[in-house]
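Here the structure of chain A is known, so what remains is to put chain B in place on it, guided by the hints.
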Amino acid sequence: MITIDQVSKRRGSKQILTEVGFEARPGRVTGFLGPNGAGKSSTLRILLGLDRPDGGVALVAGRPFARLRRPLTTVGAVLDGGGAHRSRTGRGHLRWIAASNGLPRARVDEVLDLVGLTEAAGRRVGGYSLGMGRRLALAAALLGDPPVLVLDEPVNGLDPEGIRRLRVLLRDRAAAGGTVLLSSHLIGELAETVDDVVVIDRGRVVALGTLAEVTGAHRGLEDAFFALTSGTGPGTGHGGRP
Amino acid sequence: MRALRAELLKLSGIPSAWVAVVVGLVVPFAVAALNAGARSAGRAAGGSDPTGVDAGFQELAFGVIGVVVLGVAAASSEYFAEGGDSAGGRQITASLTAVPSRVRFLAAKAGALVLAAAALAVLSTAATLTVSRVVPGEFAAPLTSADAPRVLGVVAYWVLTALLAHGLTLLTRGGVVPLVVLILNTSVVSVTYLLTRVTPLANYLPDLAGARMFVRTFRSSVEIPPLAGGVVMAAWTLALFGVAAAVFLRRDA
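Top to bottom, those sequences are chains A and B. Residue 163 in the UniProt record's numbering sits at position 163 of the first sequence, and the numbers go up by one each step. Residue 141 in the UniProt record's numbering sits at position 141 of the second sequence, and the numbers go up by one each step.
Pulled out of the complex, with its shape left as it was, chain A reads as follows (with noise of 0.2 Å):
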């Protein structure tokens, strides 16, 4: 469970965030859209303790990541560039990482094998590409077996397969019972893998409910998504809060 309370944030003289506020339930896929730029990175360096809120708390399973001892058990965590120094190999960067939480390192290569890594372990990760650099940020994730996974743009550079193989994993997560929150700006993408959507457009949540009610009278998520974010859509009009 993720909770997100009336979390805000301004950089500068800049308000990114306005009391942004939706929870993401177990067992179910959460989508969290918007366009560039609208602040889904931000909320989630928020809710995993990277960047400062001025107000409002995030919460995962009741807690503030932060205060959690072995967070890898409780959340995996796939953010912008995944974190792999390039001089390491992959193998290398999920070895420190497992340490870390006190995982054996049986896992590194349960994982590596998980995303189809194996072969290009012992590859330093500066020659990755970009797909391969976010299947080892998903490798990372997945270390701790944890009940709960935020996704920060989780398809961006994968190919066909790689999103088949990803879709597949995710809703085999929800399924067990687990917590799914991936941000996209690739509606299409979306539409296919989530339970309940959470739109944002310019630092506020202008919709959110199940993918019904959020898509509502529209012919499909994408037509509710630009109506919803060009400004002149109907606004919070939809869903409400779960």
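Keep in mind that the hints were calculated from the coordinates and are not lab data. Cβ coordinates follow ideal geometry from the N, Cα and C atoms, glycine included. All the given hints hold, so there is nothing to weed out.
Just the calculated beta-carbon pair ranges, DEER-fashion:
hint	chain 1	residue 1	chain 2	residue 2	range
1	A	P64	B	V189	45 to 51 Å
2	B	R250	A	D145	29 to 35 Å
3	A	D223	B	G174	44 to 50 Å
4	A	G127	B	S190	38 to 44 Å
Covered by chain A, according to a simulated footprint, are these stretches of chain B (three or more residues, beta-carbon under 8 Å):
hint	stretch
5	9–15
6	95–107
Structure of chain B alone, referenced to chain A:
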């Protein structure tokens, strides 16, 4: 403990850390070997150290650039990022999602750095002092038990310098400025030493005060006992690291 183990693994996985090890081992050893050869060839030459009491120790004061590189690399590797859409990205993101307590993270990082710098200092001191005594043969000032505190002084100097470099790099979030400033000051032009010509207070700057822990002959009007020198340097380190930690704890990653 888990976080410390992770930091040791991280440090051992970046090439610049190994460059640091090589520099820290080779530079003082090579310079000490050259100086020792010169000293035995023309003992009367005198110079700053006519008695040879600082043979090896002078070179170790210079070899500290090895741990400067180490301290800088340990911090700058967290912030290093190539262009926008790379597979990598800044490591600090991964670090703080794995160890979200920033206090724990900083403590583990400093701990790993202290261990690595101390180990490097011990190895380098052993090698450098050996070569500085073996090459001149009978001309060498023999090492006695009285030199044991000086060896400890070298280790302390290296560890504190590594922490200073680390703290500075945490503040700048990039390795270039601290590397240039610290290495230039240690090797090419000692700005801090030149400052002592302007004001005697400059003797209390961290590098000069700290070197008193093991260098015995100083061309300086100010007397600072070894222990006091160590305390002064430790105070500088604590202050800088404290500021760096305070900034790091508050700012967005």
